[in-house]
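Participant: These protein sequence lines map, in sequence, to chains U and P. Residue numbers 1 to 356, in this note's numbering, belong to the letters of the first sequence in order. Residue numbers 357 to 646, in this note's numbering, belong to the letters of the second sequence in order.
No lab work stands behind these hints: they were computed from the structure. Keep in mind that the hints are not guaranteed to be accurate.
Just some of the chain P residues that point at chain U, by a computed CB distance under 10 Å [unchecked claim]: (1) A433; (2) S441; (3) G442; (4) E443; (5) M447; (6) L452; (7) V456; (8) E464; (9) G465; (10) R535; (11) L586; (12) Y617; (13) P634; (14) I637.
Beta carbons are placed, not taken as given, at the ideal position from N, Cα and C, and that holds for glycine.
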Amino acid sequence: MTNQRTSVFARCAPGVICTLLVLAVSGLALTGSETTQRTATQMLVMGVIAVGTYIFVGNSGVLSFGHVMFVAVGAYATALMTIPHNLKQALLPALPGWLAELEFGLPEALLISGLLSLLVGVVFSLLILRLDGMAAGIASLALLISVNVVISNWDAVTRGAQGIVGIPADLTVGATVPWLIGAIAVALAYQLSRSGFRLRASREDPVAAAALGVRIRRDRSIAFVISAFVCGVGGGLYAHFLGALTPGDVYLQLTLLTLLMLIVGGIRSLSGAVIGTVFISVLAELLRRIEAGGELGPLELPPHPGVQQLILALTLMLTLLLRPGGITAGRELGFSLLGRRRGPHTRPTADPAGSG
Amino acid sequence: MAQNLVNALSIGSLNALIAIGIALLFSIMGLINFAHGELIMIGGYALLWFAALPFAVTAVLVVAVVIGCALAMERVAFRSVRGASGETLLMTSFALSLFVQGGVLLFEGPNPQSADVLGSLGASVEVAGLSVGKLDLAIVGVTAVLLLGLAWFLRATPLGVQMRAAAEDFRMARALGVRANLVVAGAFGVSGAFAAIAAIFLIARTGTLTPAMGLGPVLTGFVAIVLGGLGRLWAAALGAFVLALLSVMLQAYLPSGMAAYRDALVYLGIAVILMFRPHGIAGRPGAVRV
C-alpha cells in the first residue's frame, strides 16, 4: 500500500507517469502515417475503456465480464446525441420527437452519456453486488447479454442489427488524449480516496476488512458507479472512432480485448491498465499488418487470418504462467519504488466449493 | 403446453450435457473452463473431418479426438497453474480458448461451414398425441443415459470415488493417497467426452460450425451452473433445465412484439434469481474460510 504520509507529489506519480507515457506514444504516432494515427486513436479510446474497467475490477478484485454494457450504453447515447439532425430523421424516423431534436457537441454528449451509464450502473449494482467472485462475473455477463439483446432489437432507437451509420467519425489523436488523461485522473483520485483504500483492503482480505468495519458492498458500489461513468465516456469516444455502430461492436469481442489489456498489463494497478493498453495495441497493430499479408521489409507474406488471435492468446497465456500479476505485477509506476509488494498468490481465497 | 415441455426437455438436456462438463472441473479444481467451448468446436470440426465414415465410427472418433484435446489442454496449460486462485484459472482457460480458436481459424478459415449430421433423425414421431422430433428423443435419451452413467461412475468405480473425494477436499484427498494427476486428468477426460457428445447434438440441431461457435454454448453452461448452484453436479443439470424452461416458456407466451427481447428477459431473470439466492437455486452458502 502506498504510505499515507508520502507527499502529494509521490502519491500522484503513477498518474503523472501514465500521462507522460500516453503523451509520448501519441506524440510518436502523430509523426506517422494516417493509419498509424488511427491506430493511436483507437489505443487512446481503448485506454479510456480499460482504465474505466480497472476502477472497479482492479480495486475490488472482482472480475467483471459485463463492463462493456456501459460502453454500449455510452456509445449509443453519444451516437444519438451527435448525429446531425436531418440525417437522424432520415435514419431513424420512428425516434421519439424530443430525442430527434437533440444535437450536442461531442464533449457535452460524452459527459451526458457518461451520466446515463452511471444511472444504469446504479441500477445494475443493486443486482450484481450482492454476489461474490465468480457468480458476480457470470451475473454481469448475463446483464451484458441482456443489454445487447435490447440494443439488437430496439429498432426505433438503435436500428437493431443494421446498426447506426453516419456518426461523425471526427476523432483525432489530439481530441482523444485529454479524455484519457481525464480518465486516469479520475481513476487515481478514486484510488487515493478513502473508499479506494477500503476497497483494496477488502480485495486483499475480505474477512479482515469486514472485521475492521469496511462495508464492502458499499465501497464496491461506489467504484462500480464511477467505473460505469468512465466506461460510458469511453463508449462515446468509441462510437466516434468507428463512425458506424452495430450491436456486435460493443459485445464479447470488446470485452475480451479489454480484459486482455488489463491482465497482460497488470490488473491490480492503474499503471498496469495503461501499460497493458499501450502494449497490446502496438502488438495487435503489428500482428494485424502481418495477418493482412503483403510485404514486410524483404519478406513476402501471404495473408494469415487467425495469427493475431493466436499470438495475443499466447501472450496472455505466457503472462499468466510466467508473470501472473501482469507486466506491473500490482505495482504502480513511481519516481521511487512505492509499489505495493504483495503478489496475487499471497492472499487467502475463499474455497469455491464452500466446504470447510 | 406439453409440446413446449418437450422442447424445454430437449434443449435442457443439451444444456445439461455442456453444464455438467464444466461443473465437473469446477467442483474438483475450482476451474471455470472457458475452453470447454473450444472442445465443443473441435468436436464439430472433427465431425466434418470424419464425415465420410459410417456414423458410429465417426462418433467414436469424434469422442476420442475431443478427449485427447481435453487431456492435452490439462497437460499443457492447466497443470502448471493448478492450485492458483480461481481468477488465474479462469483467465488461463480464457487465454487457451482464444489460442485454440486462433489455431482453428488459421487452418479452417473464418467462414461458416455446414455439416449434415444424423440427417435420418430429422423426422418426427407421434408420442401420446404429440409430434416429437426423433432428434429430440435421441438427445433426451442419450443425456439421461450419460447422466446415469456418470452417477454410476462416480459412485461405483475407484476413479470416480477418488474424484468425489477430491471435489470434497482436494488437499485431504491427496494426503490420503489420491493421485492428483490421475484424478484431474480423469475429470478432463469425462469433461471432454461430454463436450464431444454435446458437439454432435449441437451440430445436428444447427447444421453450421464456425471457429467461434463454442462461445454461445459455454456461456449457457456457465449461466446454468451459477443458476443451479456452484459445486454440485446435479444442481448444474437442474440449472440447465430451468434455463431451458424459462427460455421456451417465454418464447411461447410472450406477446409477438416482445418476443425479440426473450433472451434479455431470460438473463435479467437470472440476475434477479441470483439476487435473492446468491448461491444458486440449490446452492448452499459456503462457510468463509479464513
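Participant: Tell me, in ascending order, the numbers of any earlier hints that this structure violates.
Facilitator: 10 and 14
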